Amino acid sequence: MKKLVLLSCLFTLFYTQLIALAPDTPAPLYEHLVEINRQWLKVVPGQPLLEQTTFTNDQARIATHLRLVEQMLRQRIYPAFNAKQRANRLRHLDALHAYHLAGVFPTNHYHLERRPYFRDNNAVLCAVGYLLWEDDQHELVDRVNRENNYGYLFDLSRQYPEIEVWATENGFLLEELAWIQPAYEPIKPDFSLWGNGQGLNPGGQINIMAKTPDETKLIVAGAFSSIDGQAFNNIAVWDGAGWSALGAGVIGEVFALDVYHLFGTSKLLVGGKFYLPGQPELQNVAEYDFNSATWKGLQTGDMGGSVYAVHYNSGFPGLYIGGDFQKINGTDHPYIGHWHPYNNGVWNYYFDYLNTDGPVKTLADVDGLMLVGGSFEKVKNADTGNWEPAPHLVYFRHSYGWIPLIHNLPAVEKATYFEGNIFAAHPFKLKPDGKTEGLSVLKAGLWYEQSVWPYADSTIHGFCPYNNYLMVFGGLQGGSINGGFGTGMIHFQDDNLTLQGVTLADATIRAAQSFQGFMYVAGDFEHLFGTADPYDGMARFTLPYVSSPEPDRQLAIEVTASAKRLRCRYDALDYPTELRIFDLQGRLVTEVELLPGGETILDVTAEWNTGLYVWQLQNQTGMQAGKWAVQN
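Using this note's numbering, you'd call the opening residue of the sequence shown number 769 and step up by one each time.
Bear in mind the hints are in silico, worked out from the structure with no lab data behind them. It is possible that some hints are incorrect.
Straight line, CA to CA, 27 Å or less: simulated DSSO-like cross-link-like pairs of lysine-lysine [unchecked claim]:
#1 K1197 <-> K1146
#2 K985 <-> K1035
#3 K979 <-> K1064
#4 K1041 <-> K956
#5 K1332 <-> K1395
#6 K985 <-> K1064
#7 K1146 <-> K1041
#8 K1035 <-> K1064
#9 K1064 <-> K1041
#10 K1146 <-> K1095
#11 K1064 <-> K1095
#12 K1146 <-> K1064
#13 K1395 <-> K985
#14 K1211 <-> K1199
Source: prediction; values computed, not measured.
Modelling step: build the complete structure from the supplied sequences, incorporating the hints.
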């Protein structure tokens, strides 16, 4: 009980941080300054600091903070400082003045709460980092950036005594450097309504989403009779602008989807507990042909359960299904089955050893193998026909049969393969050590447990890649970095082990899919990320595209930025390079391919807004990035 109370308190604190004072909120200037740096609480505010004010954005508020700190530091006189210290102090205050006039400050890429950033992903230094760098303290700045990039100044000074030595030599007190150091607001997801915002019919829900490889169709399915005010039988298609039907749909509930392409034909595999309209004998497994716009039932009769996973495996062509069913086409064959498009509808024609002793919940490709997860304990040996231990997660290969994994995992509800690692989701369980069993990651041959906490329906509903991240979603809460939590959806950081909060939902996210640059989510929620606007269980949003440039791997490209133009010269470029422009919310504005040799000029068009943008150059040898101030 104490753990739950503590968790609730932490979440409440974090939620409060998310709805902190926005730049455009009328409030005393003093409150805005405290939002940037709590060292202002040590200052007794005079009348100018108590006047109501607003800011157009956080950059303007940070610039005001730095300007006022600079002014106050110039007024301070310390008789104990010698002439050299006083001269150094004035020199660095001049540098601080130039820094805040330039108005280019770090971006908070990784945290959902306001945090200091010593240097951001685009190599922009904070004010204190800038002063050190301008004084040739490059090694110290690089070390802080590598080891404690998000630390507050007092913590940094304890870890790096050189900072206090530098402060004394240059006529500053540590508390003055701490006062200079801003903290930067998080980049919040850009939420918007999905369609016209009318949501699902009352009581309806979306269980699963899938997309076609060309991202022209996003298929949503579950148990609903309408979406966005239009009637559908439990399955529908979104094209980015509007809805359409897949024939007459299905009668019942859909739990699983998979899209495959074979011999010029695109098809959708559907699994669940349903039947085709007018054909009640065709149950639980069907396919829809996008070319002919027709449905075909693949299983006849009562299965004695449901299908929870469908997967078309290209290694040995055919459909694999998993669930808690007991029969296929009236024949006893529980939990898992295979259907080949050319075996005249005979299930398990090739694999009579495709057997588990318990329900199968998830199927996925892993480098030519099929990963099978569920609550089973044993599988049937292909050679002997005997049952052998292979609990909860195992490989299947058509020419070898079952290939056990070495692990001690609990039951697996969902599993996926991403960037060389296997991710498995389990039913939540509080362990004796106080950690919560919920996620496991196989990385470099070792299993790592990741703690997340139950929330809402206490179920992990799935995984979805987006912007080079793997998202995990459901009735969960977690992703702690420096006190931050996400609820409903969290993501793995670049190491695929660290978890970062993403979406604060007031209920479960049941389905998610990236599509045409957005992340689409559906579930039981009404509000997201503390927004007042209702979303009625359906929304879409964007997150920043973040990658980590390596400063020592610069490309042979000279970039010159002006208010109206970005010029790239690359006479010595060896490889084709992608130039991408993002706004500060991480949305891709434009991209251009640079071919070796020559020059590219990117002019600002009428559609661009005045403000800061990020340019990125990337090829197989490295990456460069920087900020571009546009005036339009």
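So, going through the hints one by one against the coordinates:
1. K1197 <-> K1146: holds, 22 Å
2. K985 <-> K1035: Judged against 27 Å, a Cα distance of about 12 Å means the pair holds.
3. K979 <-> K1064: This hinted pair holds, its Cα atoms lying about 20 Å apart.
4. K1041 <-> K956: With a Cα-Cα distance of about 38 Å, the restraint between K1041 and K956 is violated, given a limit of 27 Å.
5. K1332 <-> K1395: The hint holds at about 14 Å.
6. K985 <-> K1064: OK: K985 and K1064 at ~20 Å, within 27 Å.
7. K1146 <-> K1041: holds, 25 Å
8. K1035 <-> K1064: holds, 10 Å
9. K1064 <-> K1041: This hinted pair holds, its Cα atoms lying about 15 Å apart.
10. K1146 <-> K1095: holds, 19 Å
11. K1064 <-> K1095: Judged against 27 Å, a Cα distance of about 19 Å means the pair holds.
12. K1146 <-> K1064: violated, 33 Å
13. K1395 <-> K985: violated, 35 Å
14. K1211 <-> K1199: holds, 22 Å
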